[in-house]
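So the chains spell out like this:
Number of protein chains: 2
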Amino acid sequence: MSTTQTNKIEIIKASTSKIKDVDFDNLHFGDVFTDHLFECDFKNGEWQKPIIKPYAPFLMDPSSKVFHYGQAIFEGMKAYKDDNNDIWLFRPDENFKRFNNSATRMAMPEVPEEIFMEGLKQLLQLDEAWVQKGNGSSMYIRPFMIATGAGVMANPSDEYKFMILLSPAKAYYSGEVKVLIAEHFSRAANGGIGAAKAAGNYAAQFYPTNLANKEGFQQVIWTDDATHTKLEEAGTMNVFFRINNTLLTAPTSERILDGITRKSLIEMAKSEGINVDVRPVLVSELVEAAKNGSLKEIFGAGTAAVVSVIKGFSYQDVYYEMTPIENSYASQLKEKLTNLQNKISEDAFGWTVKV
Amino acid sequence: MSTTQTNKIEIIKASTSKIKDVDFDNLHFGDVFTDHLFECDFKNGEWQKPIIKPYAPFLMDPSSKVFHYGQAIFEGMKAYKDDNNDIWLFRPDENFKRFNNSATRMAMPEVPEEIFMEGLKQLLQLDEAWVQKGNGSSMYIRPFMIATGAGVMANPSDEYKFMILLSPAKAYYSGEVKVLIAEHFSRAANGGIGAAKAAGNYAAQFYPTNLANKEGFQQVIWTDDATHTKLEEAGTMNVFFRINNTLLTAPTSERILDGITRKSLIEMAKSEGINVDVRPVLVSELVEAAKNGSLKEIFGAGTAAVVSVIKGFSYQDVYYEMTPIENSYASQLKEKLTNLQNKISEDAFGWTVKV
Ligand SMILES: Cc1ncc(COP(=O)(O)O)c(C=O)c1O
Ligand SMILES: Cc1ncc(COP(=O)(O)O)c(C=O)c1O
Numbered sequence: 293m294s295t296t297q298t299n300k301i302e303i304i305k306a307s308t309s310k311i312k313d314v315d316f317d318n319l320h321f322g323d324v325f326t327d328h329l330f331e332c333d334f335k336n337g338e339w340q341k342p343i344i345k346p347y348a349p350f351l352m353d354p355s356s357k358v359f360h361y362g363q364a365i366f367e368g369m370k371a372y373k374d375d376n377n378d379i380w381l382f383r384p385d386e387n388f389k390r391f392n393n394s395a396t397r398m399a400m401p402e403v404p405e406e407i408f409m410e411g412l413k414q415l416l417q418l419d420e421a422w423v424q425k426g427n428g429s430s431m432y433i434r435p436f437m438i439a440t441g442a443g444v445m446a447n448p449s450d451e452y453k454f455m456i457l458l459s460p461a462k463a464y465y466s467g468e469v470k471v472l473i474a475e476h477f478s479r480a481a482n483g484g485i486g487a488a489k490a491a492g493n494y495a496a497q498f499y500p501t502n503l504a505n506k507e508g509f510q511q512v513i514w515t516d517d518a519t520h521t522k523l524e525e526a527g528t529m530n531v532f533f534r535i536n537n538t539l540l541t542a543p544t545s546e547r548i549l550d551g552i553t554r555k556s557l558i559e560m561a562k563s564e565g566i567n568v569d570v571r572p573v574l575v576s577e578l579v580e581a582a583k584n585g586s587l588k589e590i591f592g593a594g595t596a597a598v599v600s601v602i603k604g605f606s607y608q609d610v611y612y613e614m615t616p617i618e619n620s621y622a623s624q625l626k627e628k629l630t631n632l633q634n635k636i637s638e639d640a641f642g643w644t645v646k647v
Numbered sequence: 293m294s295t296t297q298t299n300k301i302e303i304i305k306a307s308t309s310k311i312k313d314v315d316f317d318n319l320h321f322g323d324v325f326t327d328h329l330f331e332c333d334f335k336n337g338e339w340q341k342p343i344i345k346p347y348a349p350f351l352m353d354p355s356s357k358v359f360h361y362g363q364a365i366f367e368g369m370k371a372y373k374d375d376n377n378d379i380w381l382f383r384p385d386e387n388f389k390r391f392n393n394s395a396t397r398m399a400m401p402e403v404p405e406e407i408f409m410e411g412l413k414q415l416l417q418l419d420e421a422w423v424q425k426g427n428g429s430s431m432y433i434r435p436f437m438i439a440t441g442a443g444v445m446a447n448p449s450d451e452y453k454f455m456i457l458l459s460p461a462k463a464y465y466s467g468e469v470k471v472l473i474a475e476h477f478s479r480a481a482n483g484g485i486g487a488a489k490a491a492g493n494y495a496a497q498f499y500p501t502n503l504a505n506k507e508g509f510q511q512v513i514w515t516d517d518a519t520h521t522k523l524e525e526a527g528t529m530n531v532f533f534r535i536n537n538t539l540l541t542a543p544t545s546e547r548i549l550d551g552i553t554r555k556s557l558i559e560m561a562k563s564e565g566i567n568v569d570v571r572p573v574l575v576s577e578l579v580e581a582a583k584n585g586s587l588k589e590i591f592g593a594g595t596a597a598v599v600s601v602i603k604g605f606s607y608q609d610v611y612y613e614m615t616p617i618e619n620s621y622a623s624q625l626k627e628k629l630t631n632l633q634n635k636i637s638e639d640a641f642g643w644t645v646k647v
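Those protein sequences? They're chains A and B, same order as listed.
One gets the working numbering by counting positions in the first sequence from 1 and adding 292 to each.
One gets the working numbering by counting positions in the second sequence from 1 and adding 292 to each.
I should point out that these hints are in silico values taken from the structure, not numbers from a laboratory.
Mixed in with the good hints there might be a few duds.
Identical copies look the same in the list; a pair holds intra-copy or inter-copy alike.
Unchecked claim - Taking lysine-lysine pairs in the DSS-like style, the calculated list, with each CA pair at most 27 Å apart, reads:
1) Lys506 / Lys413
2) Lys335 / Lys310
3) Lys389 / Lys312
4) Lys555 / Lys462
5) Lys506 / Lys312
6) Lys635 / Lys603
Just so we're clear, the structure is a prediction, and the values are computed from it rather than from any experiment.
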């Protein structure tokens, strides 16, 4: 890893702010960006001088490797503003580590910690007016890296661009989520890149997800590609199943993203005295539990959606609808987590980091 | 599919040509591009007016879906100039069909045939001075499509760019190719996107290929991800094995690219009276055949490398070196194929198409 004096991030300020055009009460996820972005190029084996500058399109060569061979990774994280107008990050060290794990798997250079962390902190400070307070508001943060080297030889690029974008977000309301359990399609191979936040993993899911949408399901729950018997995760969420009073979720593996919401919920649930069992969860047990009434809840967990209740699932053309329950684990855990993230409750875990 | 009057491709010519700066005798694969490129945008549910214009970088929004979710596909084809200065394509209809199959799998719009075909023909005509004659020279053609829509919501883009680039190529000399048989990593999942020419499939292979390179192997032969017992394909080539006088190659599947060189060689070999067996080929048979001396040849087949002889393979830390043979199937088939493509011999299969 090369070192760079990031206390020297060059800052070019936008001449005017777009903030007055933004309707913060009616935000859609991911289509409004703040006035600035952070950028750092990798060239000649080294990270170059980082810069914060006005958000704007940039020039790419048509033969750039990202277009042809898909070297592209990203992270998704959130910042929250508390009542004192302080801005907080949630476990940013976990995103940083995962980003560099993804980089390694995609044969891309690691980003030095001071570039990643200083970049996002200074960017948040500059655009701090965009970070809204209260009521589920947050700033979605999108660090990403793409291969910018030119040439269509199928090998790793020698030039990259690391960027951070900020997009203000409201409490994510995904509507009623019904899911389809994958019987044919899959998102990850053994020995593949499923555990990396690699761009290509997501495009691969769009077609099967479109098919599910047409049948009235908003998401697919992926199963292992070899046997389709084990429940793995959803598009951008890990999944939890409550059978009687035990919370089940699949162990992470090469095929499953090691979600930060997932691992936080596991710790929180345990500290609440909930019995958590991290082990392969079979489709057959789920169906069985749905039939005999022991299946109490299903929910997804991820940065964007936080905790998303799943209302029912379909498997082999049979739809199993969940019976809504009081005091669900989903609602308890969601409240605990968001209160901690928003600094409404105390952070007993030491997960929040001040910007 | 929308229709467009592509006889009306707008053409903006470069003011000067870069051709005089190109050393055609010392070309590296894929790093020199001709003066022009073809471009057509998809917007508002329709393909827009196609254009041929000077090769140049273009503007992309930092939140473009291709950067974040990897919607990107491509094709690889070649054009050849014969002694009458006519330019010929090899089975372009196959590339066109495969391109749209890839598009469907990646939830991208199909490209209309007249845009794809007229685009590449008119581009080749405009840059025809760049298409060199003889001695293994060809023009490598790279049609590709990327998602240009802005926004970081994980769903398909509603805007795309289809482009064609041209890169002059010499006979591809890959050096001595030793391969490693994959025991842990893999390139494709059952129910995944291995059969699509999706950008993300290639980046996924770079890291394991780098590891193989470090051990002295140029390529990896991928095996099925569930059991690692079946031989599938290499990075950008399908693979053939000759055991005694039978030529073996894996059947295409969801995990394997349906290579045009592969299917052409199968037909040619059959018409030569060679016994071809398309069936799953086990790693264990390969090892067994290498040990008992019945393994005569291994070679890869693909547009870029044409036919590439594999000198030896490693499996479970044992290296098996091939004994070079006279009149190999690889050399016979390569000669037949390249003579047909270059219009040196007659095209009994009807595979060549004049530009
Ligand atoms: C495939 C996938 N699984 C799970 C998650 C949840 O991870 P996290 O809780 O770290 O956001 C994500 C991402 O956001 C994801 O992309
Ligand atoms: C993964 C893969 N396999 C095989 C091939 C060979 O296909 P073709 O002969 O059509 O070039 C290619 C591409 O060029 C490829 O990318």
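Practice problem: Measure nothing new, just compare the shortest in-copy and cross-copy C-alpha distances for Lys389 and Lys312 to 27 Å and report within, between, both or neither. | Solution: neither (36 Å within a copy, 48 Å between copies)
Exercise. First find the shortest C-alpha distance between Lys635 and Lys603 inside one copy, then the shortest across copies, and answer within, between, both or neither for a cut-off of 27 Å.
Key: Classified as neither; 30 Å inside a copy, 63 Å across copies.
Exercise. Can you give me the call for Lys335 and Lys310, within, between, both or neither, at a CA distance of at most 27 Å?
Key: Result: close only across copies, 25 Å inter versus 32 Å intra.
Quiz prompt | Alpha-carbon proximity between Lys506 and Lys413, which holds within one copy, between copies, both or neither at 27 Å | solution = For Lys506 and Lys413, the Cα distance exceeds 27 Å both inside one copy (41 Å) and across copies (38 Å).
Self-check item: Intra/inter-copy verdict for Lys506 and Lys312 if alpha-carbon distance must be at most 27 Å
Solution: neither (38 Å within a copy, 55 Å between copies)
Quiz item: 27 Å Cα cut-off: does Lys555 pair with Lys462 within a copy, between copies, both or neither?
Solution: within (23 Å within a copy, 53 Å between copies)
Checked against the numbered hints above, the structure breaks hints 1, 3, 5, 6 and satisfies the rest.
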